[in-house]
Amino acid sequence: MKEANRTLELEIPEEVVEHARESGISIEEFRKNLEMFGTMQLVSETSRLSKKEMKKMSEKIKERSWMRTMKRLNL
Amino acid sequence: MDEDNEKVKSVILDTNIILSSLVKEEGFTQAVLAILLSQKDIKLYIPSIAKEEIKLHLPEISRKSNLPNRVITDVLNMIFDNIETVKEESFKNEIQKAFSLVTDENDSPFAGLAIKKAPSFLLTYNKKHFKVQELENMNVLVFTPSEFVKHFNLEIMLKKRVKRRRGILKLLSRLYILKRKP
Chain A
1 MKEANRTLEL EIPEEVVEHA RESGISIEEF RKNLEMFGTM QLVSETSRLS KKEMKKMSEK
61 IKERSWMRTM KRLNL
Chain B
1 MDEDNEKVKS VILDTNIILS SLVKEEGFTQ AVLAILLSQK DIKLYIPSIA KEEIKLHLPE
61 ISRKSNLPNR VITDVLNMIF DNIETVKEES FKNEIQKAFS LVTDENDSPF AGLAIKKAPS
121 FLLTYNKKHF KVQELENMNV LVFTPSEFVK HFNLEIMLKK RVKRRRGILK LLSRLYILKR
181 KP
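Residue numbers (our numbering), protein chains in the order written: chain A, 1 to 75; chain B, 1 to 182.
Read the hints as simulated data drawn from the structure, not as lab findings.
Virtual Cβ for every residue (Gly too), placed ideally from N, Cα, C.
Label-pair ranges, simulated between beta-carbon atoms:
1) B:LYS131 to A:GLU18: 43 to 51 Å
2) B:THR103 to A:ARG31: 35 to 43 Å
3) B:LYS55 to A:GLY38: 21 to 29 Å
4) B:LYS7 to A:ARG72: 28 to 36 Å
5) B:THR103 to A:LEU73: 16 to 24 Å
6) B:PRO68 to A:LYS52: 21 to 29 Å
7) A:ASN74 to B:THR103: 22 to 30 Å
8) A:GLU18 to B:PHE99: 44 to 52 Å
9) B:THR73 to A:MET67: 18 to 26 Å
10) A:GLU35 to B:ASN69: 16 to 24 Å
11) A:SER50 to B:LYS7: 33 to 41 Å
12) B:VAL8 to A:ILE27: 18 to 26 Å
13) B:GLU89 to A:GLU14: 44 to 52 Å
Under the rule of at most 30 Å between Cα atoms (straight-line distance), these lysine-lysine pairs were calculated in the DSS-like manner:
14) B:LYS24 to B:LYS127
15) B:LYS92 to A:LYS60
16) B:LYS131 to B:LYS55
17) A:LYS56 to B:LYS92
18) B:LYS43 to B:LYS55
19) A:LYS56 to B:LYS9
20) B:LYS55 to A:LYS60
21) A:LYS55 to B:LYS97
22) A:LYS55 to B:LYS40
23) B:LYS127 to A:LYS52
24) B:LYS131 to A:LYS71
25) A:LYS55 to B:LYS64
26) A:LYS56 to A:LYS71
27) B:LYS128 to B:LYS7
28) B:LYS131 to A:LYS52
29) A:LYS55 to B:LYS128
One chain only, chain A, in its complex shape:
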């Protein structure tokens, strides 16, 4: 698996920043929101995990979680 660093240059249109400001969204919240969204977009862009596989994986995780929960809580 090849690893590489990518730097994303992100220019936010002034109109969007202005809209965020007018809407009462703090710059801190706005920056955090963009960072999170940008990170997820960058990572998922190169991911081969399909929606179907993701749902299957989620079900498997929940099944394992439930078994452990029952054991831990004596259900």
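Let chain A serve as the given structure and place chain B on it in line with the hints.
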């Protein structure tokens, strides 16, 4: 719902919503997730064991996504840093209540946690696993990500007073549109 509860929304995240952060075609859910994770008036929760299990499945997730383990860990840590994990012991009674409110017992801890944190929202792709009407009677609203957004939009239209939230929704749509531009 009293004024304080109205200010801070409790949202329980299904594992499928968290894993959607690693799926290419899930841009919309990622935008919703980014908004939820960055809002101070939204509190996110997940059952403790579910979080542990996601981490235990990292090697398998890495293999299927072809993403390095370290990258997945970074993304999941970024998400989990903003989600409160709740020990199952603290909502055992609610898990037992939830048995009759789910169609798949694997979802009992999620429904149980939502009952514990009610009034709350449960965000999932698998609504059919939950008895939505019965949970609604217990002040738990089960939504898919798109329904969640629509619900808040409707709330704004009805109440005409949450200017800030309308701004967030507009911003979400802008972010989504910007991303989809070639």
